[in-house]
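Engineer: Quick note: the sequence shown uses the numbering used here, first residue 1, plus one each step.
Since the hints were derived computationally from the structure, they do not count as laboratory data. Glycine is no exception: its CB is placed at the ideal position from the N, C-alpha and C atoms. Take the hints with a grain of salt, since some may be wrong.
[What the hints assert, rightly or not] What follows is a set of in silico ranges between Cβ atoms, one per label pair, in the way DEER data are often shown:
(1) L505 - E574: 13 to 23 Å
(2) L505 - P367: 19 to 29 Å
(3) D173 - E243: 23 to 33 Å
(4) E429 - Q514: 23 to 33 Å
(5) M418 - Q328: 15 to 25 Å
(6) Q465 - E574: 50 to 60 Å
(7) V476 - R510: 16 to 26 Å
(8) T547 - E363: 20 to 30 Å
(9) L435 - E362: 48 to 58 Å
(10) E363 - A527: 26 to 36 Å
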Amino acid sequence: MDRPHRTVLLVATNPADCAAIQRDLEDDSAAEYSCIMAPTLAAVHAFCQAGLPDALVLDAPLPDTALAWHADLVGTYGQHAFAIILLLDTASPTSAARILKCGIHDYVLKRPGLAYTLGHALDRAIIQLALQRELAASQRRREAPALSRSQLAAFSQAVLDSLSAHIVVLDRDGRILAVNAAWEAFGRKNGRANQPGLANADVGINYLAVCRAGANAGLADAQAAYEGVCAVLSGQRPSFTLEYRCDRPDSPAWFVMSVTQLAGHAGAVVAHTDLTARRLAEAALHQSEQTLKLFVEHAPAAIAMFDRAMRYMAVSRRYLADYRLGDQNIIGQSHYSVFPNIPERWKAIHQRCLTGMYEANEEDLFPRGDGVVDWVRWELHPWYENFPEIGGLILFSEVITERKRAEDALRASRQQLMDLSVRLVNAQENERRALAYELHDEIGQQLTCLNMVLEIGTHAPAEQQRTRLHEAQRLVADLTGQVRRLSLDLRPPMLDDMGLLPTLLWHFQRYTQQTNVIVDFRYGGLAHALPPHIAIGAYRIVQEGLTNVARHAQTAIASVRVWVSAGQLKITIEDQGCGFDTAAASLIGPSVGVTGMYERAQLLGGPV
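Can you make the complete structure from the sequences, with help from the hints?
Structural biologist: As structure tokens, then:
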């Protein structure tokens with residue numbers, strides 16, 4: 001059944017209050033209400049001259065002010081022109097009785113759920129006003145030529161049937177005097193024979209007896225309904241409201257029962273308004289919210305959902321882990337209290353996105369509360385409560401600190417590889433230059449001398465040729481030694497033929513002869529042959545290390561340890577010499593010797 005449309009004139013000064021009440025009344029009342037704000041009593045008169053509203057809601061600062069306004073309006077438009085509801089901050093029993101006694105239909109305290117309470121108060125007041133108008137009309141008819149009883153009954157029933165709520169009119173003893181069409185339709189659809197319940201109550205039945213029977217049968221809220229109706233009929237309270245569940249045969253249903261006293265304690269009007277659609281919508285919304293929270297919580301990404309004040313509404317476990325928040329419950333906390341060191345530019349980003357903008361950054365610095373700064377990739381979107389009204393923000397983020405470190409390490413490794421390539425080329429050129437020097441200045445000179453000796457010998461007397469021959473043989477022997485030494489410096493053949501250990505022993509003996517530095521050598525696990533690339537790498541590292549000792553250490557003894565452990569070849573080279581400042585050496589630049597040792601070890605998969 002379509003809800004009737006009602007116009008409400010709200011006498012208040014805050015437009016936000018009017019908009020909030022209008023929005024909430026859409027779901028929490030039996031009628032469809034349109035709220036119009038009138039900030040002053042003069043504005044009320046201006047509106048009423050164009051047409052009377054169905055109801056007037058007075059947001060008066062004091063009860064006495066409201067009573068004065070009410071007297072002015074009644075004096076101008078009459079006692080039954082429109083329903084009047086008073087909004088109060090507080091109300092004592094004495095002031096409440098005085099307010100109702102003067103003719104104001106109801107009052108509502110300003111509390112959470114104001115619109116819900118106001119909606120039902122309006123429903124009751126308009127019903128009461130309709131009955132008061134009917135009573136006034138009846139009085140006028142008694143004074144004028146009387147209508148027939150059938151006409152009066154038909155008119156009264158038409159008034160009740162025009163209301164969408166399920167209406168029951170009771171006398172002061174609780175007997176049902178009248179019901180409307182909505183009540184009868186509900187009873188036909190949901191009543192069950194031999195089962196206590198209001199759906200079976202009809203004209204002539206005692207409403208209180210039905211409530212008692214339901215309470216005795218264990219029906220939920222039946223006892224509370226009985227006590228509330230009794231309190232209104234006895235005059236202990238002017239009205240009573242109760243939300244309850246009353247399932248239909250095939251589906252669940254929820255209602256709100258509103259009981260309002262008739263004038264002169266003549267009885268009461270009971271209205272049952274169907275809340276099922278609202279309750280189901282609330283349940284669906286709650287389920288949707290829980291589903292969203294579960295999705296966010298278990299999402300593999302770092303997600304956080306905020307309201308407009310940047311308070312956390314939902315976060316994923318990944319978010320808590322990425323930002324090192326552990327198992328903290330940050331729901332309801334401000335983002336700025338969780339991260340007090342957040343930069344002002346981030347706060348500015350939040351404010352821009354709260355206006356509907358979308359922002360993102362692939363690489364950004366984020367300071368955490370413990371002082372550590374992370375690299376993050378993030379996207380920030382607004383979410384909408386009722387489009388276009390923004391409810392808050394959703395943050396999708398990823399901590400990429402480890403990725404940034406890996407990228408930096410990769411760049412450093414690439415630069416190191418480029419530097420190594422340059423050094424290898426330079427080292428190769430240096431070796432070629434040294435080899436050319438050896439061939440030209442040493443071996444070349446020896447060959448020139450040999451050639452001169454042989455040439456002179458061919459022209460010398462016979463007795464001098466033997467001397468020249470011996471000199472030529474000496475030169476050939478020197479050349480052979482130089483070529484052999486040069487070959488050994490380039491690569492000792494015994495490394496391929498005999499392995500690492502004999503080659504090291506030979507090198508130590510030759511090294512001591514050349515430098516007068518004694519090598520204290522100890523080894524283990526070298527009985528088995530090593531792979532060729534491992535053997536030559538180890539030999540070059542030892543060779544370069546001892547060369548550095550001879551050049552820089554100024555010592556007579558060097559210690560070399562070579563052993564195999566856990567599948568790894570380990571080498572230590574030590575001396576008791578003067579050493580050097582590693583920090584100062586790093587400022588000068590990489591040394592071919594030390595850097596070469598480091599890079600050889602890295603190429604073989606080992607640290608230095």
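Engineer: Run every hint past the structure and note whether it holds.
Structural biologist: Hint check:
1. Hint check: L505 to E574, Cβ distance near 19 Å, so the stated range 13 to 23 Å holds.
2. At about 60 Å, the CB distance of L505 to P367 disagrees with the hint of 19 to 29 Å.
3. Between D173 and E243 the C-beta distance comes to about 26 Å, which sits within the given range of 23 to 33 Å.
4. Checked against the hint of 23 to 33 Å, the C-beta distance between E429 and Q514 comes to roughly 25 Å, which is consistent with it.
5. Checked against the hint of 15 to 25 Å, the C-beta distance between M418 and Q328 comes to roughly 46 Å, which is inconsistent with it.
6. The supplied range of 50 to 60 Å is met by Q465 and E574, whose beta-carbon atoms lie about 57 Å from each other.
7. For the pair V476 and R510, the supplied restraint of 16 to 26 Å holds, since their beta-carbon distance comes to about 22 Å.
8. The hint said 20 to 30 Å for the Cβ distance between T547 and E363, and at roughly 46 Å that hint is violated.
9. Evaluation of the 48 to 58 Å hint for L435 and E362 yields a pass: the beta carbon distance comes to about 53 Å.
10. The supplied range of 26 to 36 Å is broken by E363 and A527, whose beta-carbon atoms lie about 54 Å from each other.
Hint compliance for this structure: hints 2, 5, 8, 10 are not met, and every other hint is.
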